[in-house]
Every structure is written in structure tokens, then in C-alpha cells.
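Novice: One letter stands for each residue in the lines below.
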Amino acid sequence: MRVTSNNFSENLITNFHAIARRQLTLQDQIATGQRIKDASDDPFAAHQVLQLRDDMAANTQYQKNIGVHQEFATVTHGLMRNLQKVLDRAQEIATTVDDLDSPESLKDYAGEVNELLNHAVHLANAQHRGEYVLAGMSTDTKPFTTTENASKQVTAVSFTGTNNTAESEIGAGVLVSSRVPGENRGGSGEGGLIADTQTGADIFAHLIALRDQLASGDVATIHSTTRAQLQADEDNVLSHMAQNGALQARLESSLAANKDENQSLDKEISNRADVDLPEAIIKLNQQQTNYQAALQSASSVMNMSLLTFLR
Amino acid sequence: MAGLFDTLNLGSRSLSTYRKAIDVTGHNLANVNTEGYTRQRLQIGTTTTDGGPFGPLGNGSDAVQITRLYSQATAKQLQTEASIQGSLDAKHDALQQALVFLQESIDRNGANGTTTKGLSQGLSDFFAAAQNVATNPGSIEHRQVFLQKAQELATKFNTTDSRLDSLNEGINERISSEVTEANGLLNEIAKLNESIVGEEALSTGFANDLRDTRQLKMEALAKLVKFEAAEQENGAINISVAGNLLVDGREVANSLETFDDSGSLQVRVAGQSAAAGLTGGSIYGSINVRDGELANLRGQVDLLASTFISEVNAVHRTGFSLDNTTGADFFTGTTAGDISVNAALLGNPRLLQASGVAGQAGNNTVAQAIASLSETKHAALNGLSFSGKQAQSIASLGQDVASARSELADQQTISQFVRDQRDSVSGVSIDEEMTNLIMFQNAFQASAKLISMTDEMLATIIEM
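First to last, the protein sequences are chains A and B.
Okay, so the first sequence: first residue is 1 according to the working numbering, each after it adds one.
Okay, so the second sequence: first residue is 1 according to the working numbering, each after it adds one.
Possibly wrong hints are sitting among the right ones.
When the alpha-carbon atoms are kept at most 25 Å apart in a straight line, the in silico DSS-like pairs for lysine-lysine are as follows [to be verified]:
#1 B:Lys117 x A:Lys64
#2 A:Lys107 x A:Lys85
#3 B:Lys117 x A:Lys267
Simulated from the structure, these hints should not be mistaken for laboratory data.
Quick caveat: nothing in here was measured; it's all calculated off a predicted structure.
Okay, chain B solo, but in the shape it has when bound (with noise of 0.2 Å):
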């Protein structure tokens, strides 16, 4: 039968249960800004109970198990979330440098009314100045600044060629550091993995905090590249990317590498010869935006120079110069890269083949021909002009900018939902930890005045 002395364990036990809940309650406070932290709750149950004759005697309480609310199903959606945006942040950053990159931002404000900086107001500074010579053939001057703005153009060209391809570098470095990073945070959760089965064995909890953390990396993980969890009973988690096993329990099986398939940038598991099939995350938009819109856009770029290229020089071959050479290129160079014009015209414009018939300084019909070369339908350029050639890509690039930008504005409200909802489970609320940590202090409070009644009344019965 139970005497006071049990009373007073009763009590102490009771006293050691509220502290520790007031302990778990102060965890929760101390960490309510902490990023990824679940809120703890301290189990508590009632002891084992004496057997008596008016039946079981209860013993008080204890203190089970400090358990993580959280919730196994929005921790897998957050992941999936943050491949996805991970995925269209690499796509909307590339495109949008694509767009700067292309200079073609409408300024209505300049000297010069409607204006860009671009390759299409190259074009049409280029023409005008073919008109020029075309109105005033034996002029000089004219034949000067017509190919100056031509060398302008071809500039452009080069310009743009060159910002594409450090777009390009950049991309490629993006992928290689992203590459770096996926592997850091493997070998960190393969870490975490050990850390949490060995304090896991040695108790009869959960490793909460450090299943925190492991879930922040999975998290990170996720936006660089889309992977499949997959939970041990020992409480490791296993990770594979595309099938293949990269974190198994305790080691980092494989890790991803970065490598050169035919003079492109590409990513696969250690030790195997093709690239990784990714679904997600941002290295996935990476290479993506890269072989896809960025590719295609290069290829407008290429295709456009290399059919002003050799229109305007099929036209020019045929001219006669002040001199009465005929058959000079006008432009030098097959594609955006190297496009220039032909550096003899540039050091004598008497080399301007502007004259159909040799020996006519004021004939212009090959100058106009030219000039008449900027309304000229062209099949190779699926029956656009120049400039309409090069106000469709703009206009495509900007589609797929306008598109990025919303699906991804899209994808961050889901995302902030996902969160909301992992917040609404997990999350710390400052408002009701200090109503528990009343209650807490409130039960303390009554476990020690248990303890001083039963000193009190062990006081009278040895004063007897």
C-alpha cells in the first residue's frame, strides 16, 4: 500500500514531468524564427498503477516521448514544390538575361523618336543608309556613313553573338556550381542520415532536431535537382535521382558530375557514361533553357546574319565601283560571330559597288537593290523580311519571358501554400506555447504544493 513517501515520489515525478514539458515548451520559443523547425510536444502518460483492493491505484504522470508535429505528406509536396520553382527560376533568369541581352528595349523617349539599341535598329539604320547612297550614288559621305552603319550592324551582330555565348558560360558555371552544391548537400544528409540512426538507437525517440535539418537539406537538394525519398526503418533516408541510388543509409553511393557530350555541358551519376534523365530542380531548367529556348534563339540570331549576309552580298557582287571593280563581298564572315564588312570598302568607300554598269558613278541600281533588300520577302527566313525576322524573335523571347514570369509567380503562390499548410502543422505559435507554458507552470505549481502538504502532513505524523 502506498505510504506518503510514494505520495512525495508521486509529486517529485510529477514536479520533473512539468519541468521538462516547460523545457520542450522553451525549445519550441527559443526556436519560432529557426528555419525548418517543427514544433515538439513532450508526451506525457500516466505511470503504472498499484493493484489494490478498491482497485488500481494511479501513480502519477511521466513523461513519454517528445514527438515533431508535422506532417509526412506536405514535407513530400514541399520538395516536389521546390524542384518545380527550382526548375523555372533557372528558366526565368536565363531568358530574362536573354532579353537584356538582346538590347531591344523600346525607348520612346530618345532624340530620335521610337528607338532600341538592338539588331533591329541596326537593320533599319543600315537600310536607311543604303537609301542614302542610293538617292545620292556618287557621294562620298553618303557612301561613308552607309558603311559605317553597316560595320555598326555587324557589330551588333558580334555583340549579341558574344553576350549569348557568355550567357551560355554562365549557365554552364551555374549548372558545374549547382552540380558542387547537390553533392555537398548529399554528403550532409548521408551525414545526418548516421547521426540520426545512432541517436535513434540509443533511445526510444526521435532524433527531432536533426530530422529538422535533414529535411531543410532535402529541401535544398530538391531545388537543384528532383529526387526520390525513400525512408529505412532504422530512419535513414535513402535518395536516388533518376534511379539511380545516391545517398544509401549512412554512405553517399554515387554523386553527380558534370561532363562534355559533344561539346555540351551535361550531368550524370559517377561512373556512367550518359547523361542522368532529370525531371526537376534548377540544374534540370538549367540545361534545359539552354539546349531549348536559348539554342533555338542563337539559331534565329545565326539564321538572320547569315541570310542578310549573303543577300546583301549576292546583290553587291554584282555592282561596279567608283573605280569599276566589281565581284567584292560586301560582307566578310558566314554567321553573327563573325560577320564584318568587307575591310577594303571600309578603307576606301570609292570600292562600294553601288553601280549596275561600270563606269557610271551616278548609276544606283545596285545601291537601291540594296536598299529594296529590307521589304524583300525571304524564303530562308520563312517568308519575313529582316526586320520582321528580327521583330518575331524579339517577340518570342519575349513571350516566353511573359510565360516564365507567370508560371513561376504561379508556381511561388503553390509554393507559399505548401508552406502555409507545413506552417499551420509545424510551425511555432507564440500565443499558444505561452497558454501551455502557463498550464505547465500552473500543473509545477500544484505538483509542489502536493510535496509541501505531504511534508506537512509527514511533519504531524512525526510530531505525534
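Bound-form chain A, shown alone (with noise of 0.2 Å):
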């Protein structure tokens, strides 16, 4: 093939191109650490690095979703343990009574047992980031109403809330719930912590019927019946507590395995969308040996011709 004056300077050019484009984009590689940016650098790698990508953002708001049930969790705890701390009280007032204590001592222990309720009515109403914990799903309403009669004294407590609570995925598809109902008398579902048909809890009635049974000196029913009642009441608590343990053990564990699993994903991401780094420097350098040897080559041909050796 004939070579003319400027095939020369055209390959020269093309060359040139060639190589500024292969530095270019090798250098933004090792400047941005990644190998695909745009879809078209690696089409399929992209679309895969997108779904992981939209997997990790999933995973990332369940870890917040987690937090925030951790969180009721935790104050449901509390509140089941003042609960717990009321009830061993009573219990204690409904074992420790018996027919040789004078009415006025029961008095005593009637009025103790009153401000037990007061107390536990005021735990059952408690709120957390402004929404009533114990309400099932009416959060913003009290969910515990009490009647009193004319001596100030709770003669009866009445339940507003739902007997079911709110819940929310800490996993695809994975629904937990970290509230508990204040009141359960469907039979079914969610079981109630104040009180629920299931266990046969019922604290505020309990409680009342300690208060009146201690101020009448009915003793023999505290013994016969309410100290059973308020035995059967601390179980449910009981068995709630174990639920919220079993339940932050959980809450735990996804938060444990979501991070595991959010550092493989990043590390899949990596695989497909990260550079390697020795090997984009490699290759770099490489480049910019083709594009000395190009000047020097080119400098040297171009610059010779028929006309260096006429006189």
C-alpha cells in the first residue's frame, strides 16, 4: 500500500484519540474507585449494582424500623416491670392479711392497695414520642378511663383502645409488632396486658376488689379468690415480659443478620461496580508508555523527509 504525507499525521491522530480516551477513562476509574458509573459502561452490571443497591436501601430503613420497635420495646418493658413491681405488692398485701389484723390495719392496707391502682392506672395511661403505648391502634387517645366515686376512690376502669397494635416490617415481608393491647376481652388475637379473657387478667378489677374486700375485711375472699386472681394477673404480666425478651432477642438477631447481610450486598456491589485498583494503575501506566512511545515515534518519522537531505 502506497503511504502518503498524511497518513502519518491522520494515524498519529487517531492514535492519539485512542489513547487520551483509554487514559481518560482509566483515570476517572482510579480517581472515583469505581469501574461502572453509567448503565452503558457494563450494562448488566448495572442493573444488577441498581437492585442491590435498592436492596441495601431496604435493608438499611429496616435497621431504622428495628430501632424504633428496639425502642417501644424497651419502654414496654419498663412499664410491664412497675406493673410487675404493683402486683407483688398486692400480692403481697392479699398473702400477708389475714383475720387477726385488726379492720383498722386492713384500712391501712386498703388504702395502700388504692394508690396501687392510682399508680397502675397512671402506668397503663403511659405515653412514649407522644402516642399512648397501651392503646392498640387509638394512639392518641387515653386509652384508660377510670370512675371514681365520692370519696375520690376508682370504682371502675373502662378500656378505649383496640385490642390489636400496629405492625411493621423488619425484613421483607417480616411484620412485627413491640406494642402490647392494654385490654384483650375478644378471646382471640393480641393478648391484653391490664387484662385479657385468655389468661383471665383483669389488674384494675383486681385491684378494686382487693381495695374493697381489705376496707369490708373480707379476708376469706382475698384468700379464697383475689389472691389467685392477682397471681393469675402477675403471671400475664409475666408472660408478657418473657414475649418482650423473646422479642428483643429477635429484634437483636435481624439487627445482626440485616448488617451481615448489608455487608454482603456492598460487597456484591464492590464485585461489580468497584475498580481494581492495582490493575487500573497497571493498565494506566501502560497507556502512557504507548503515548510516549507515540510522540517519540511520531516526532521522529514526521519530522523526516526528502527534504532534510536536499540542498
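Hey, can you piece these two chains together into the complex? The hints should help.
Specialist: As C-alpha cells, then:
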């Protein structure tokens, strides 16, 4: 093939463009640490990266959800512990009293139980982040309202919340609730903390009964019935505490698993999107060598023609 | 019988011939860098001979014709390759721009891990914020953030739509300006035809430089629109596009024009009603990519938007707000261009219908159902989730860009090869021209020597 003067320059320009393009790509990859930026760099890998990134974003959100659940589970657990203390004392009183106690001392006990009752009502209406913890789904409404007699004693407590609680995701399709309904008199579904038909728990009614029985000196009924009822109340609270503990352990392990999964996902993304730095640097060096060689050879070839030797 | 004066004439003719040859070589050297220049050669031939008793006696040499050294087949191939490259250039440019406009570049270096700035990130943020509401249904702050994220997503849809719109407009403007440019080139080719026919009629040679210029114009035209060329006996070249004669000898018979074909800008031969059946060149490439890949991409974005709007609205309508209102849409609009969050909700986050039962502030069933839509496979999206669909659209466009890029690179190699072929026949080599120059100079000096010798011989005779 006949080679003309412009063949050299055109060829050189084409090569310069190609080397410059490769250098730009490699330099960009080294500077950003990424092999893939745009989908056109590697469409298949980019597709996978976008999906993995989406899974990671969902996981990160699940971690936040788990955090909220852990917070509510801790708050609920504290509430249960305080209720348990109330029930412990009530049971202690119910066990301690006997026929030998004077009516005055029984009335003193009745006064203490009344305070325990008031404290329990206060606990049952506890709020966290402006929401009533035991209100079920009706978190903006005070769940327990009291009826008082002329001497300002609580005679009945009614529940206005719902007997179910909100569940949200801690993993794809994995729904949990970190709340407990205050009452469930429906006989099925989630167990109520204060009153529950399935376990026979009814803390307020039993405390009211104990108070009234102490006030009237009906120790026999306390021993025959109320003590067992209070035991059932405490058993119910303890059962909830056990469930709460299990939930917290589950949340903790879900969080750990979620973080592990995110690390794996990040590794998968890295495998597809990140550049192998040593390889890229070696390639860039090769390109720089090519560039130097192209410049050197061009300067010697292009500077020479017959003109150089004509006088 | 030839005398010494004839020898003088012979020398003089020879001097004139080699001066012409040096001129032609000089012209070649002067145009070594002129685009489209074809090297020329002076054809030197022997002159007519005189008869004589010893046989015909030569009378030296004479310039016959200045010819171009070129290959018709390569010239035609250059036009064909220019049309293919023009079409691929237009396709690649448009697709590359579309990919940039989607803002789906993956960023691994941000504070929030792997992110993009496009719809896929918007969808991900929307569903994360929905999860926050589902976990904290009574929280006004989380509702506020969710609505803001929803509006950001709606804005991303709007921006994507308007950017693809402007890309369409840009392509249409490119088509219009290229049609004007093509018409200009048709005009120039017709004028060059006229000059070539005129000049060649006056001599036996060719209008070499004018033919080079015409060839260059034809290559420029081929880049814009693929055409058929037919050289006439008088040297003019007729140009036809899709069977329609556009340049007829010295006249432009028909020009190209753009027209509105049911809302779509198309190109036709002036005076005709239907679009010209273009098959190559950048105008064809622009129309093709606009009505093909880009129309498909817009369809995908609109489908994603409309499915997203209807699915979220269908769930949201069933819910109850903190003020116990129900039945409101979450999004207004039906496409990527007009999607927006219901202004009433944006104004008052309490109106977000997150609850499944009236009067239950802590009920999250609807918020959870909206959040769970992220996992749902939608029949309207060919069984893909929202983010899955977007990832597929991006990957598909990425594949289109990658294919166009590699086709273009291949084409550039082919075009370069054909240009090299052309240069190997028609390009100027300085070494070659300098060698010729020395050759012609030597011949010129020899002819001059002949004249001076003849002069000395004449002087000898005169002094006898």
C-alpha cells in the first residue's frame, strides 16, 4: 500500500484520540474507585448494582424500623416491670392479711392498695413520643378512663383502645409489633397486658376488689379468690415480659443479620462496580508508555522526508 | 528535413512541458494538507513525428493532459460509509444524552452509600419514608418527611419527562438544521456541476479541482442523507434520494423539507405529501432513534409513572387520615409529566390516610400497604416491581448506548480504512513529489542544455 504524507498525521491523531480516551477512562476509574458509573459502562453489572443497591436501601430502612421497635419494646418492658412491682406488693398484702388483723390495719392496707391502683392506672396510660403505649391502634387517645365514687376512689376502669397493635416490617414481608394492647376481652388475638380473657387477667378489677375487700374486712374472699386472681394477673404480666424479652432478642438478631446482609450486599456491589485499583494503575502506566512511544516515534518519523537531505 | 531551428523548437517545447510538470508538482505540494484534494499528474506524451528516409523522427515531448489519480469505487465507498457513520453518530449522541438525562449514574462515594440521582433513588427514598410512617403512624414529622420524599419523586418524574421532551426538541432542531444544510449542499453541487460542465467543455481535460470540491460536498451530503449519484456524460452528477431526483445536472430539481406528520417532525421531498423513505445519514439516524429507542424509553417512564400513581392511589384511597377523612388520592396526574402529590396532603400531613380504620391514629395498615408496594410485582410492568422496572429500563438504555458506541467504533475503523485506501491512491506524498521535482528539474536542465548546445552549433555555422 502506498503511504502518503498525511497518513502519518491522520494515523497519529487517531491513535492519540484512542490513547487519550483510554487514559481518561482509567484516570476517572482510579479517581472515583468505580469501574461502573453509567449503565452503558457495563449494562448487565449496572442492572445488578441498581437492584443490589435497592435491597441495601430497604435493609437500611429495616434497620431503622428495628431501632424504633427496640425503643418501644424497651419502653413496654419498663412498663411491665413497674406493673409487676405493683402486683407483687398487692399479692404480698393479699398474702399477709389474715383474720387477726384489726379493721384499722386492714383499712390502711386498703389505702395502700388504692394507691397501687392509682399508680397502675397511671402506668397503663403511659405515653412515649406522644403516643399512648397500651392504646392498641388508638394511640392518640388515653386508653384507660376511670370512674370514681364520692370519696374519689376509682370504682371502675374502662378501656377505649383497640385489642390489636400496629405491625411493621423488620425484613421483607416480616411484620412485627413491639406494642401490647392494654386489654383484650375478645378471647382471641393478641394478649392484653392489663386485662385478657384468655388468661383471666384483669389487674384493675382485681385491685379494686382487693381494696374493697380489705376495706370491708372480707379476708376470706381475699384468700379464696382474689389472691389467685392477682397471681393470674402477675402471670399474665410475666408472660408478656417473657414475650417482650424474646422480641428484643429477635430484634437484636435481626439487626445483626441485617447488618451482615448489608455487608454482603455492599461486597457484591463492590465486586461489580468498584475498580481493581492495582490493575487500573498498571493499565494506566501501560497507556502512558504507549503515549510516550507514540509521541517519540511520531516526532522522529514526521520530521523526516526527502526535504531533510536536499540542498 | 528538420533543421537546427527545429531542434531549438524541440528544446523549447520540452522546457515548457517540464515547467508545466513542475507546476503540477508544485500544485500537489501546495495542497498536501487540503481536505479532499486528489493528487494530479501531468501526462507527458511524444509529439507527432516527421517522416523521413530513415524512418519517423521524433519531435520531443508535449503535455497531454492533467489527470487526477483516484478510484471511483473508493469515492463511492466513502459516501456509503459517511452515511452509515452519520446515522450512527446521531443515534449515539441522542442515546448518550438520554442516559445522562436520566441521572442514574452510580455514585459509590457519597455519604449515603451507593446512590444515584434519578428515579431509582427517588423510588427507594419514597418507600423508605413510607416504612417510617408505617413504623410511626401517628408521627406528624414522619408523615411530613414521607410527603416531601413523595414530592421529590414526583419532581424527578417531571424533570425526567421534561428533559426527554427537550431531547426530542433538540433532535427536531438538529433535523431541521441538517435539512437546511443538505439543501445548501444540493445547491452547491448543482453549481459545481455547472462550473465543471462549462470548464470541461472548453478543454480536453478535466476540471480536477472542481471535481475534488464536488466530491467533498457529496461526502458532506452523504453524512446527512444517503443518496444515489449518477455521473452524466457531460461530467455533471445527478443526485437522487429514495428514488427522487434532487439535483438534475446544473439545477436543483427538488429540495428536502421538514413537515409535521401527525405531531412528529418528518422529512420529505418538497411538493410530496409523504415522508421520504430515508435509509441512511444523520437525518435518518435522528428520526430513527427519536421514534425508536427514545419513544420506547419515554413510554417506559410514563408506564412506570402511571402504574405507580394508580397503585399508590388505590391503596391510599381506602385509608383514613388522622382527621378521619378518606377517599383522597395520594398523587394527582396520570403521567410522568404531570404527577404531583395531592396539594391538600402536602399542606396538612394529618390528611395522609395511613390508617385502615377511622379514628385509629396508631393504625398503620394502609401506610404499611403502601410501603409493601415496593416488593409487589406488577402485571402492568411485566411482572416487575417499580424499582425492578426502572433498573431494567436503565440497563436496557445502557445496553443501547453501549451497542451504539461499539457500532460507532467499528464504523470509525471501517471509515478510517476506506480513507486510508483513498489516500493510498489519491493522497500526496511529499517524498514522491520531491523525487518527481528532481526528475522534472533534471529534464528541464537537460532541455536547456540542448537549447544552449543548439545555440552554440548555430553560432559555429554563422561564424563559418
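Novice: Now, for every hint given, state plainly whether the structure supports it.
Specialist: How the hints compare with the structure:
The hinted pair formed by lysine 117 (chain B) and lysine 64 (chain A) meets the criterion: a straight-line CA distance of about 22 Å does not exceed 25 Å. Proposed proximity of lysine 107 (chain A) and lysine 85 (chain A) is supported: the alpha carbons are some 21 Å apart, at most 25 Å. Distance hint between lysine 117 (chain B) and lysine 267 (chain A) is fulfilled; the C-alpha atoms sit about 22 Å from each other, no more than 25 Å.
In this structure, none of the earlier numbered hints is contradicted; all agree with it.
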